[in-house]
Amino acid sequence: MSLGSVITAIVTPFDEQQRVDEEAFLSLFRHLVDHGSDGIVVCGTTGEAPTLTAEEHLRLIELACAERPAGTTVIASTGSNDTAHACSMSAKAVELGADAVLSVTPYYNRPNRRGLIAHFTEIARATAKPVVLYNVPSRIGLSLDNDLLAELAQVEHLDYVKQADNAALAQIDGLGLYAGNDDGFAQALDLGGCGGILVASHLVGDQMRRMVDEPENRAEIDAELKPLFAAMGVTTNPIPVKAALNLLGHRVGGVRLPLVEADDTELEVIRKALADLNLL
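For what it's worth, the working numbering labels the leading residue of the sequence shown as 1, then goes sequentially.
Careful: at least some of the hints might be erroneous.
[Claimed, not checked] Here are the computed distance ranges between Cβ atoms for each label pair: (1) Asn112 / Ala84: 13 to 21 angstroms; (2) Ser27 / Glu224: 21 to 29 angstroms; (3) Thr236 / Leu280: 36 to 44 angstroms; (4) Asn217 / Arg139: 41 to 49 angstroms.
Source of the hints: derived by calculation from the structure; they are not laboratory data. All C-beta atoms in this analysis are idealised placements derived from N, C-alpha and C, irrespective of residue type, glycine included.
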């Protein structure tokens, strides 16, 4: 099955008391679907999953699955460095209607190769839906090299990879390729990949959809958007994208500790990138 090409890792809106704002979440979900996204990742890193309770996490997946229009996929981020917890959350997410699960490389406990294979194999056994492997060495301190990905591709249900190491972007036999960084999206498409799991698509989803639909204009659009991609990395994700969304009038609130709000210098970088694209 196709999970989509422009997949947005949606932020989790909070109200002034730092509670999950379900109404704002659904409003943003609809906005993304109306502006280029054909898939949504719920409760990923961009969605501040590390500070969500299990109840909040599953409730957001439930809301997204109930809200999605035909043709839009919901991918539940259910990864953990605890294999049993990842399996449990994956099974529950699929019960709620998720089309696939996203599972990050185990962090902090740093398993060896045999442990990584065992971890992802158990997750694959926990659900009959596709599993998207998530390689993000900048956050994990551990990388799934392409040889290991090729081995994992032989496991039933391990069907895709979200590759957040641009230097390792490559087609792997048996794995659909998704760019994990906005600035790797064009490269993944040029390689014949499925698309990207993206952040800037909150802001320029229509333009990123054009990168899929208009390959002849892809390089030009990518070049135009590169300053915005850079601005979304001016500090830790999702601080910049939440700041940008608030500047554009979307009610997404702040971030939960240990993340903190963008400072004045960071805000100016974000504001300038938006203004240069005539978004403000």
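How the hints compare with the structure:
no.	hint	verdict
1	Asn112 / Ala84: 13 to 21 angstroms	holds (19 angstroms)
2	Ser27 / Glu224: 21 to 29 angstroms	holds (27 angstroms)
3	Thr236 / Leu280: 36 to 44 angstroms	violated (23 angstroms)
4	Asn217 / Arg139: 41 to 49 angstroms	violated (32 angstroms)
When held up to the earlier numbered hints, the structure conflicts with 3 and 4 and fits the remainder.
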